[in-house]
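Undergrad: Construct all of the structure, not just a fragment, from the sequences and the given hints.
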Amino acid sequence: MNDDLSRSEIVMDQWPSVVYPADRRAKLLRFGSLFVVLALWELVGRQNAVFLSYPTAVAQAAWEVLVLDDRLRSAFAETLTGYAVGFVAATVLGIAVGFLMGQFKTFDIALSPYVNALYATPRIAIIPILVLWVGIGFGLRVTIVILSAIFPIIITVRDGAKSVAAEYLDVARSFVATKWQTWRTAILPGSLPYVFAALRIGAQRSLIGIIVAETLAAVTGTGRMIQDYGQFFQTDRLLVPILAIGFFSILMTSALHLLQRKVTPWERR
Amino acid sequence: MISGRDVATRPAESRSGAEQDREAFADTRWGAWLIRAVTLAVVLAAWEIYGRSTNPALFAPFSAVVSAFVDMAVTSNELWTAAIDSARAMIIGFAIAIPVGIAVGLAIGRYRTVEYVLDPYVSFLYALPMVVLIPLLIIWIGIGTPARIVIVFLECVFPIIINTIIGSKEVDRRLLDTASSFCASERQTLRTVVVPSMLPYIFTGLHVAIGTALVGMLLAEMLVVLRGLGGLIVTASNSYQPDRVMVTLLVLVAESLLLVGLMKRIRHRLIPWSSENESTSI
Numbered sequence: 001m002n003d004d005l006s007r008s009e010i011v012m013d014q015w016p017s018v019v020y021p022a023d024r025r026a027k028l029l030r031f032g033s034l035f036v037v038l039a040l041w042e043l044v045g046r047q048n049a050v051f052l053s054y055p056t057a058v059a060q061a062a063w064e065v066l067v068l069d070d071r072l073r074s075a076f077a078e079t080l081t082g083y084a085v086g087f088v089a090a091t092v093l094g095i096a097v098g099f100l101m102g103q104f105k106t107f108d109i110a111l112s113p114y115v116n117a118l119y120a121t122p123r124i125a126i127i128p129i130l131v132l133w134v135g136i137g138f139g140l141r142v143t144i145v146i147l148s149a150i151f152p153i154i155i156t157v158r159d160g161a162k163s164v165a166a167e168y169l170d171v172a173r174s175f176v177a178t179k180w181q182t183w184r185t186a187i188l189p190g191s192l193p194y195v196f197a198a199l200r201i202g203a204q205r206s207l208i209g210i211i212v213a214e215t216l217a218a219v220t221g222t223g224r225m226i227q228d229y230g231q232f233f234q235t236d237r238l239l240v241p242i243l244a245i246g247f248f249s250i251l252m253t254s255a256l257h258l259l260q261r262k263v264t265p266w267e268r269r
Numbered sequence: 001m002i003s004g005r006d007v008a009t010r011p012a013e014s015r016s017g018a019e020q021d022r023e024a025f026a027d028t029r030w031g032a033w034l035i036r037a038v039t040l041a042v043v044l045a046a047w048e049i050y051g052r053s054t055n056p057a058l059f060a061p062f063s064a065v066v067s068a069f070v071d072m073a074v075t076s077n078e079l080w081t082a083a084i085d086s087a088r089a090m091i092i093g094f095a096i097a098i099p100v101g102i103a104v105g106l107a108i109g110r111y112r113t114v115e116y117v118l119d120p121y122v123s124f125l126y127a128l129p130m131v132v133l134i135p136l137l138i139i140w141i142g143i144g145t146p147a148r149i150v151i152v153f154l155e156c157v158f159p160i161i162i163n164t165i166i167g168s169k170e171v172d173r174r175l176l177d178t179a180s181s182f183c184a185s186e187r188q189t190l191r192t193v194v195v196p197s198m199l200p201y202i203f204t205g206l207h208v209a210i211g212t213a214l215v216g217m218l219l220a221e222m223l224v225v226l227r228g229l230g231g232l233i234v235t236a237s238n239s240y241q242p243d244r245v246m247v248t249l250l251v252l253v254a255e256s257l258l259l260v261g262l263m264k265r266i267r268h269r270l271i272p273w274s275s276e277n278e279s280t281s282i
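Those sequence lines, one after another, are chains A and B.
Residue 236 in this note's numbering sits at position 236 of the first sequence; the count goes up by one each step and never skips.
Residue 37 in this note's numbering sits at position 37 of the second sequence; the count goes up by one each step and never skips.
These are computed hints drawn from the structure, not numbers from a lab.
Keep in mind that this is a model prediction, so the values were computed, not measured.
Check each hint, because a few of them may be wrong.
[Unchecked claim] Lysine-lysine pairs mimicking DSSO-like chemistry, simulated, CA-CA at most 30 Å apart:
(1) A:K179 to A:K262
(2) B:K169 to A:K262
(3) B:K264 to B:K169
(4) A:K27 to A:K262
(5) B:K169 to A:K27
TA: Below, the structure written as structure tokens:
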């Protein structure tokens with residue numbers, strides 16, 4: 001089986017949750033370096049505004065494109081709607097298919113080659129042909145988000161049974177739990193951490209997918225705006241959606257970490 | 001420290017006895033192959049029937065894809081030319097990312113000061129989908145081959161950095177204590193303790209990076225230069241030739257499975273003492 005693929009990414013998923021001792025030296029170094037970087041950027045950027053832009057110009061551009069003008073705001077809204085709908089659909093479908101594959105060996109054997117191959121293949125490659133099939137609007141956004149997010153979810157839910165401690169399965173068997181009961185009380189809760197890891201991977205991958213789709217095909221949306229600002233060399237404006245997407249990605253990951261802590265209280269230390 | 005609790009890879013638990021009996025057929029070698037063959041036949045038949053009934057500008061039946069493959073790969077060699085063109089930029093970007101990723105990861109993982117200074121930026125860039133940087137990169141370095149290499153590099157350097165960081169923090173304390181008891185220099189410690197115990201993690205990073213390198217290669221070819229396999233996909237789609245798109249997609253699937261398999265093979269050669277599962281458990 002190809003489950004090591006998903007495992008590899010799950011390990012990396014730990015990085016943002018690394019907990020540091022918040023000592024004063026750490027704070028000092030972090031804010032110090034941030035200050036130095038921003039100051040240097042401001043100094044060097046002013047010499048060549050098209051090439052690098054500079055922090056105050058970016059702040060001013062942010063005010064212009066986010067507050068005075070509503071084009072970028074409505075682009076964000078459009079992107080986010082497609083992202084949210086696709087992500088929820090991928091979660092539901094992914095858990096359902098993963099469950100079927102985990103519980104019924106025939107399904108697993110039949111579908112695994114396709115799931116593993118699609119998991120390993122870069123999904124952005126299918127965007128141009130998806131445009132022919134589903135057009136360039138909302139449908140494209142939802143489809144690419146589903147295709148980006150669903151395979152990590154399927155694989156982790158499928159392998160969920162393997163990641164549950166043997167004792168729990170033994171207890172379930174001793175109490176003559178049915179297959180469904182075993183799944184609901186032991187396998188599902190036991191594999192939740194992995195499912196959340198998969199959701200975080202899916203969240204990241206679908207963000208890539210939706211931006212590429214919007215850059216390649218959609219005439220609106222955040223990807224399109226980024227492309228436009230780039231083509232007109234408006235580096236200060238270009239940096240606004242770039243920074244926004246970076247922070248959104250971090251926000252999404254932290255929100256999923258938080259939700260995980262809420263639904264798996266027994267994992268808390 | 002890294003919280004390892006939700007990644008601990010438990011040993012694969014075998015299925016319950018009753019389950020095995022009930023699905024004994026699927027467990028036999030022949031049963032599995034039969035199921036796979038039947039699925040494949042159903043998939044191919046559905047593909048063919050649907051493909052023939054629908055608009056040929058949008059979807060191609062399996063037989064058309066086969067003849068397009070012959071056309072692109074046997075009669076002419078445009079498919080191989082494109083694949084080699086793609087692979088070249090990808091391999092260069094990947095090859096640069098390996099030493100850079102390991103060096104940066106090692107510096108962050110081993111030295112607290114470096115970690116405090118750099119980790120906000122590494123975290124941010126790791127979370128950022130690299131595709132949004134492409135317009136900026138075009139302003140900075142244009143649309144030539146260097147841009148392709150840089151995009152691949154950016155796509156695969158962060159998985160390597162992050163796995164190296166995790167690996168260098170997971171070095172066995174006792175081994176480090178032994179090294180310092182024997183007055184090992186920093187260099188000796190790195191060479192004899194740190195690097196060997198990090199290798200499995202580095203390989204995990206490379207494993208992920210192979211996948212992201214392919215993404216970077218395609219991003220560059222689809223959004224920046226329109227060459228190689230990504231370029232083939234875009235031009236064939238825009239000229240309504242779904243058979244050619246599907247051929248290229250199948251080549252990509254084969255290429256990514258091949259690269260991942262190759263990576264596993266190399267890993268097994270270089271660090272036979274660590275199986276994939278051991279290394280990825282923290």
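Undergrad: For every hint, state whether the structure bears it out.
TA: Tested hints:
no.: 1; hint: A:K179 to A:K262; result: holds (26 Å)
no.: 2; hint: B:K169 to A:K262; result: holds (28 Å)
no.: 3; hint: B:K264 to B:K169; result: holds (24 Å)
no.: 4; hint: A:K27 to A:K262; result: holds (28 Å)
no.: 5; hint: B:K169 to A:K27; result: holds (21 Å)
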